[in-house]
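Colleague: Dock chain H against chain W, hints included.
Each chain, letter by letter, is given below.
Protein chains: 2
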Amino acid sequence: MEIKYSELSKRTKSSEIRELLKYTRIKDIISFAGGLPDPSLFPIKDVTRITEEVLQEKGFLALQYGPTIGEPDFIDAIREHTNQYGEEIENDQICVTSSSQQGLDLISLVMLDPGDEIILELPSYLGAIQAFERTGVIMNGIPLQNDGMDIEILSNIIKKKLSVGKKIKFIYTIPDYQNPSGITMSKEKRLKLIEIADKYSIPIIEDSPYRELCYNNSKVPSLWALTNSKGIIQLKTLSKMLFPGMRIGWIAAEKEIVNKFSLMKQSVDLCSPTINQLIIAQYVREGLMKATIERAIALYQEKIACMLNALKKYMPEYVTWSKPTGGVFLWIKLPDYMDSKELIKKAAENKVIFVTGKPFHCDGSGKNTLRLNYSFPTIEQINTGIFRLTETIKEFQKLNKELIY
Amino acid sequence: MEIKYSELSKRTKSSEIRELLKYTRIKDIISFAGGLPDPSLFPIKDVTRITEEVLQEKGFLALQYGPTIGEPDFIDAIREHTNQYGEEIENDQICVTSSSQQGLDLISLVMLDPGDEIILELPSYLGAIQAFERTGVIMNGIPLQNDGMDIEILSNIIKKKLSVGKKIKFIYTIPDYQNPSGITMSKEKRLKLIEIADKYSIPIIEDSPYRELCYNNSKVPSLWALTNSKGIIQLKTLSKMLFPGMRIGWIAAEKEIVNKFSLMKQSVDLCSPTINQLIIAQYVREGLMKATIERAIALYQEKIACMLNALKKYMPEYVTWSKPTGGVFLWIKLPDYMDSKELIKKAAENKVIFVTGKPFHCDGSGKNTLRLNYSFPTIEQINTGIFRLTETIKEFQKLNKELIY
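Chains W and H, in that order, give the protein sequences. For the record, in the first sequence the residue sitting at position 301 is 301 according to my numbering, with numbers rising by one throughout. For the record, in the second sequence the residue sitting at position 82 is 1082 according to my numbering, with numbers rising by one throughout.
Looking at chain W on its own, in the form it has when it is part of the complex (with noise of 0.2 Å):
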């Protein structure tokens, strides 16, 4: 059958990234690819538990159409838990949404139109970049600094294009422990943010799905908390604290935009999965959530810990790697005139993989980066894995040199 496509649909490509799949079914291959929760976390007995009581109990609710704006149970259990982690947040600033993706997909239909100008981090979240790619929109990347976005960069470019008479649609970023880079923003920034947002009425989004994953007991307040949530909107997700197979998480901002996302989400897939709303709910409601994320912290502190110690121990001194003080990657630079696409075929022969790290940057930068997860592997696999990687870039020098000179 022969179909026109639409044009979103032609924005829309298949990632380099789809492409590594196959690597990851080389038999004892090491994956630092991904950005899976360590499994050995999933709660499974308490979910089943929990899972044969919301059915018993409200079974009839469980198993149908709940309301498009979520499951007031769960809204309830979602306030709940960002007042646990220091965010204020009232019921009617949530819309309940199937993960995180769903947020993104749900920012782009309500907010942007080819054309728009929209700024993001340098790298930022190829989810996103994915997102907001297939809307015909204009990418603004700001690198990131050891301690979050160049400011200067940003507050030139929103000047720039003010100049010409543009408009910036929104400034997206993710503040704590970013993906890809691990990197986070500081306090002092995170305020200049919130101040040239202000000054030029540019909405943020902020994207934050491993902020309660903090090693370091220091969490720096979030955009939404800095700015009683003016200004804001913040998309949060299940999926790195707990269970990702359940697909839920949720989007916040102002009522009146809220509304629109829901009133969105209606044509987009009509509500999130009832029963997987009511689970979570009890979930959190048993102050299960809280006891999970302490456990997941513990061990990834373990594993950060480990892939930093092995990397110090191993690797050659120019490659250079983030510091992340929380959630699940970490962020590997190689000299200028490496390339991790080339890289990762050997490493694949060498039984290790990763992320390459081009397709994390809007301007088709970056091709000597690449992207690191700690938290699936073991700490055996992370020790193994990192000497392996070495191995491969001391071996991928050597052979890139020899091409140099």
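It should be emphasised that the hints constitute simulated quantities derived from the structure, not laboratory data. Model, not experiment: these values are computed from the prediction. Beta carbons: idealized from backbone N, C-alpha and C, even for Gly. Be aware that one or more of the hints could be misleading.
What the hints assert, rightly or not - DSSO-like mimics (lysine-lysine), calculated; alpha carbons at most 27 Å apart, straight line: (1) W:45 / H:1058; (2) W:10 / H:1058; (3) H:1401 / W:10; (4) W:4 / H:1167.
Said to hold, decoys possible - Every beta carbon over 10 Å from chain H, so not counted as near; a handful from chain W, in silico: (5) 230; (6) 315; (7) 365.
Unchecked claim - Take a look, some chain H residues computed to stay more than 12 Å from chain W by CB distance: (8) 1035; (9) 1092; (10) 1146; (11) 1247; (12) 1285; (13) 1293; (14) 1312; (15) 1313; (16) 1314; (17) 1315; (18) 1316; (19) 1335; (20) 1336; (21) 1342; (22) 1387; (23) 1399.
Modeller: The following block gives chain H in isolation, referenced to the frame of chain W:
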């Protein structure tokens, strides 16, 4: 915060049906609105047992991210289910969706540009109209007759559009027990529709949520079966057969087209809930799906018989209605001068509600029509509710007559 919403968002309006929600909260009201399954059919015990087994045996998989296109186990189960109901399908013709509203969303994203011409039935499913309308397409409505769309008008519209250089992007139809009309397209008309679509190379979207709920043992072959799937994109959901709260369905088409939908789904919600797919997969494998559908058929057969009897017994001669042989909806036509949007206010006073017919008409007609659901109310409620509705219509007609003369 001031937000400049997208053009797409501006085209997404709250439907007048949402306004009716307030009536559902009136004490002791009988509701023929909605399209909910009878919750007494929900297999709470089986779902509880299966969930326990899935979590114990495959918990690490069930709570983890899954492939965008769907869980292999669930795709196998879909093929099995589809075969049981007389349709052949290959695994690579399936993309799992978060219920069939997401199928409509994906079609709208992948296939439609502003200004495109599409064809749908008059009336048609409101959720489809919403998903298509937001893209800025031109919707051409083909009046329904008792045996499906008026094929002569269909043929004429296509010729007329072609003669001015326009092309039809697709024909959207719900051939079995249509929502909202309850009408089924005859085999003769299906063959004519296929012939026309083939002649002009127009894809057909076959939306098929009710097909399994057949009450007279005389199912007409699906468009998918009649064409060996050539030129057809089929939408399926488990919401009407089993449990809407799971939010699981699928979209079926040629492999290449399915891959386009799957690629778009990446930016839409990454994947549908893994645990829900695994539960339903086992439910199908154990033969429980077929058993549940048979229980639903037995119950709904009684309910539609009761509604048809009550209509015959109570309704004045100037009211006509469809005679569904499956599905969950029945359609009522009032005299042209009556407006069901006015009628519903009186009906709510008399403690019965329905859904007004106009929002199902892409051309703004149909103010004298209304939709009744018979799957959710009990037999007693159906009888009492139809009596109340009749009394309301009689009062309303008297009032209308007084206004006319």
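Colleague: Within a Cα-Cα threshold of 27 Å, do residue 1401 of chain H and residue 10 of chain W meet the stated pairing?
Modeller: Since the Cα atoms of residue 1401 of chain H and residue 10 of chain W sit roughly 56 Å apart, the hinted pair is violated (cutoff 27 Å).
Colleague: Keeping to a limit of 27 Å between CA atoms, is the pair of residue 10 of chain W and residue 1058 of chain H held or broken?
Modeller: Roughly 37 Å between the alpha carbons, so the hint for residue 10 of chain W and residue 1058 of chain H is violated.
Colleague: For residue 45 of chain W and residue 1058 of chain H, compute the direct alpha-carbon distance and say whether it is at most 27 Å.
Modeller: holds, 12 Å
Colleague: Any Cβ of chain W at or closer than 12 Å to residue 1146 of chain H, or is the non-interface label fine?
Modeller: holds, 30 Å
Colleague: Beyond 12 Å from chain W, beta-carbon-wise, is residue 1387 of chain H?
Modeller: The claim holds: residue 1387 of chain H sits with its nearest Cβ about 27 Å from chain W, beyond 12 Å.
Colleague: Quick one: work out the minimum CB distance from residue 1342 of chain H to chain W and report holds if it exceeds 12 Å, violated otherwise.
Modeller: With a cut-off of 12 Å, residue 1342 of chain H remains clear of chain W, as the shortest Cβ separation is near 25 Å.
Colleague: Is the nearest Cβ of chain W still more than 12 Å from the Cβ of residue 1092 of chain H?
Modeller: Non-interface label on residue 1092 of chain H holds, nearest chain W Cβ at 15 Å vs cutoff 12 Å.
Colleague: Examine each Cβ of chain W, and state whether all of them lie more than 12 Å from the Cβ of residue 1399 of chain H.
Modeller: Holds, because the least Cβ-Cβ distance between residue 1399 of chain H and chain W comes to about 34 Å, which exceeds 12 Å.
Colleague: Is the nearest CB of chain W more than 12 Å from the CB of residue 1336 of chain H?
Modeller: At about 30 Å from chain W, residue 1336 of chain H clears the 12 Å cut-off, so the statement holds.
Colleague: Compute the least Cβ-Cβ separation between residue 1314 of chain H and chain W, then decide whether it is above 12 Å.
Modeller: Given that every Cβ of chain W is farther than 12 Å from that of residue 1314 of chain H, nearest at about 30 Å, it holds.
Colleague: Grab the minimum beta-carbon distance between residue 315 of chain W and chain H and tell me whether it stays above 10 Å.
Modeller: Per Cβ check, residue 315 of chain W is outside 10 Å of chain H; nearest 29 Å; holds.
Colleague: Confirm or reject the statement that residue 1313 of chain H sits farther than 12 Å, beta carbon to beta carbon, from all of chain W.
Modeller: With a cut-off of 12 Å, residue 1313 of chain H remains clear of chain W, as the shortest Cβ separation is near 31 Å.
Hint check: violations occur at hints 2, 3, 5, 8 and 11; the rest are consistent with the structure.
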